[in-house]
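Work out the full structure: start from the sequences and follow the hints.
Protein chains in written order, with the UniProt record's numbering: chain A, 1 to 361; chain B, 1 to 285; chain C, 1 to 275.
One thing to keep in mind: the hints can contain errors.
Here are the simulated lysine to aspartate or glutamate pairs, EDC-like style, with alpha carbons at most 20 Å apart [stated by the list, open to error]:
| no. | chain 1 | residue 1 | chain 2 | residue 2 |
| --- | --- | --- | --- | --- |
| 1 | C | Lys165 | B | Asp255 |
| 2 | C | Lys165 | B | Glu69 |
| 3 | C | Lys112 | B | Asp255 |
| 4 | C | Lys165 | B | Glu257 |
| 5 | A | Lys119 | A | Glu85 |
The hints are simulated quantities; they were obtained by calculation from the structure and are not laboratory data.
Everything numeric in this text was worked out from a predicted model, so none of it was measured.
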Amino acid sequence: MTTLRKDTPVSPAPPVEGLDARLVVDRGAFRLDVALTAAPGDVVALLGPNGAGKTTALRALAGLVPLTGGHLRLDGTALERTPPEARPVGVVFQDYLLFPHLSALDNVAFGPRCHGASKAQARAVAAAWLDRMGLAAHTGAKPRRLSGGQAQRVALARALAVHPRLLLLDEPLAALDARTRLEVRAQLRRHLAEFEAVAVLVTHDPLDAMVLADRLVVVEEGRVVQEGGPADIARHPRTEYIAQLVGLNLYRGRADGHAVRLDTGPAITTTEILTGPVFVAFPPSAVTLHRDRPTGSSARNLWRCEVAGLETHGDQIRAALTGELPLAADLTTVAAAELDLHPGAAVWATVKAAQTHAYPA
Amino acid sequence: MTPPVKQAAADTLEGGPRRARVRVRVRTGIPLALLLPALLGLAFLLLPLVALLVRAPWHTLPEQLTGAEVWQALRLSLVCATAATAVSLVIGVPLAWLLARTDFPGRGLVRALVTLPLVLPPVVGGVALLLALGRNGVVGQWLDSWFGVTLPFTTAGVVVAETFVAMPFLVISVEGTLRAADPRYEEAATTLGASRFTAFRRVTLPLIAPGIAAGAVLAWARALGEFGATITFAGNFPGRTQTMPLAVYLALQSDPEAAIALSLVLLAVSIAVLAGLRDRWMTAS
Amino acid sequence: MTRTERRTRRAVQVTGAGFAALLALSACSSDDSGGTSAKPDASSSSASPELSGTVTVFAAASLKESFTSLGQEFEKAHPGTKVTFNFGGSDTLAASITGGAPADVFASASPKTMAIVTDAKDNATEPVTFARNQLEIATLPGNPDKVSSLEDLTKSGLKVVLCDKEVPCGAAAQKALEAGSLELTPVSYEQDVKAALTKVELKEADAAVVYKTDVHAAGDKVEGVEFPESADAVNDYPIALLKDAPNAEAAEAFIALVRSADGQKVLTAAGFLQP
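What follows is the structure, encoded as structure tokens:
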């Protein structure tokens, strides 16, 4: 069932540090097939919409879901057949799953106890971890007495107390309210930076992913659609989902010099000189709207559109446009009022070539 | 469980929380269509007990209860019911776990079979036990020839009969609790290095303790009142297999007053034990 | 409602069918005096056009086989009648009769349980003994333990079950043991005679002291051993018409059948002794 790669020699070879995995899980109509590699010290974020298979991938790494194919190696050791309790893996679950009948200290001491430490040893280890998390005052508290942020830190301490070689975090900040989130995100970033082995976190929040991770792996419908550094992904989105996450207008077309003929018809002029299939992206703030057709404008990119919807976006108004080219445009409240924008209003949209960005598809 | 209405109403009311709750309850109102059958049901359950108390031979009660046989039977009842509960816990909780947490072919059937003793007339259960574990039974003959153990007519036989009848209550109760409990706690435990058994022992068991306790109480109560399977499988011998229900039944043959007196003792003891246990759990949870 | 209706109907019928009932009674007394005439049969057949409806008979469990066949005989002799039985422990039946259960006839396994009914004045006729039952030892088939007397049961290592002293067969066994000055510690005092017999049938017990009729009914599954002390513990089976009998005249006819030569033949065949 499991297709193991035969390229690892049986004879002792220098162990490959870090994570090397291809996770294949077949579940009826859904198939997850995700390759993941990471070096010790890396923080990888699995980013994707709900139902993309991120959590399944995480559970497969932890051994809670069996692989139907692929491989999983951690620091050179194959783990496909290793039961979860024998994997050097620590997990911070989405709602933490702190054992409600145990104090914070005993929650953290649970792992060391299971790894053979005496009760006193385990508690000493746990106390040190809680102290490190700034929770020395809450060691005796039962989970239901802890705030969301405290519980998150206890969960992190519990996962780290077994010295995992792979730390997994499932939506680590999703259960927190906006205020706590800010604070906990900063703390988590610090703890992850100190963590010497591989950390994989799952999130649907691009901000969490970009703040916490060194590298993003974007998963959609069970497969990796893009991976790279946060800045690279933000600048070069390759799917509609990512473009939306990072707030860019994204189009796919065929370039011939400066002009990119889009698959949907219209053309966009860019500064890059490319040929062949490309992506073109520009931010909504690069779009200028006019009530009448601008005359004498140097903008080569001019499209006739219609306002489909308006919504406030921070201190700006974001207009969703349809027409020759569907796009999102940001403008100030004042500008929106002057243009008398309302759903159904006809507008002209211009984008300077310098503000577009084309890259090979 | 706590509707917002209740909270809002409580907020607007002055005075202690207790007062507020009373007012709310009145305001909410209980539909008559539920209240009447509920009261009827309550009366139906309590009336026979009240009748037992009304017709109890209070003046002869002291002499009825001075006989050593009464206390012997009571002691045996308590010992056997407790032992049967203990046996049910040891083998019933793992069975409940198996039914709730694993998936194997025919699990639905096994579950149905486990509940079979609930619908089986206890006397039939007793006969079935004789056929299985009796001196000449399917398994019993080997117990006899290999270990020299025969269960019928022994106190152990009483425990076996009571366990057979009472354990399904425990299994069903614990299985329900297990199904309601979040299995991901067990997963969390395994990711921390706990084997499945350790996860069960150190995480699941404490989590479902209230359900186990409730199931144990049900099983204990059922075992205490067990008659049919016990008398059929273990027979009736004072001090060895004659539990209270057997003593009550046989006293009823000739001396109804004595039977009522014995019933009162059984009733008093079970109410005391159940009330005592309940209080402890209520404060614990 | 139906009960009062039935009662008024009964009152009408009693006046009409009184003669038949008298005939039946006289037939019984002649039978009592030792005559073995076929008169009851004749009288019941002569009364047959007037008998109808259901006769409800509460009878001791040990009478099940013989009374069931007598009931069929009765229904055959009196078309339009139906005999329904409630077999059970005599004491339980007595308790339900004094508790108001609608029954015509009570056939008990002991005078003591019949006394519960007569003490409550729920009987319409004086109870008469229609059969007697004697104790017997039931052993495993082939009598592997070579039990030949009541004393043999006191041998150690033998698992013996008795009926509880509170039920008739237990009281009788106790009487027999006292008559033989024997002391016997059973493994169990069973709640009724059938339970005691079942323990031997299932080979859980080596022997039981039960009624001859029960040994008879068990067929090959047990072997009966007679013992002399049983003569001191013979059980009388009384039968009586009940006060609130819904169908008194048919009930009388059924009692007559039980006490007739035909009835006695059926009872003797089941292992009962004649009164």
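Could you check the structure against the hints above and give me the numbers of any it violates, in ascending order?
-> none
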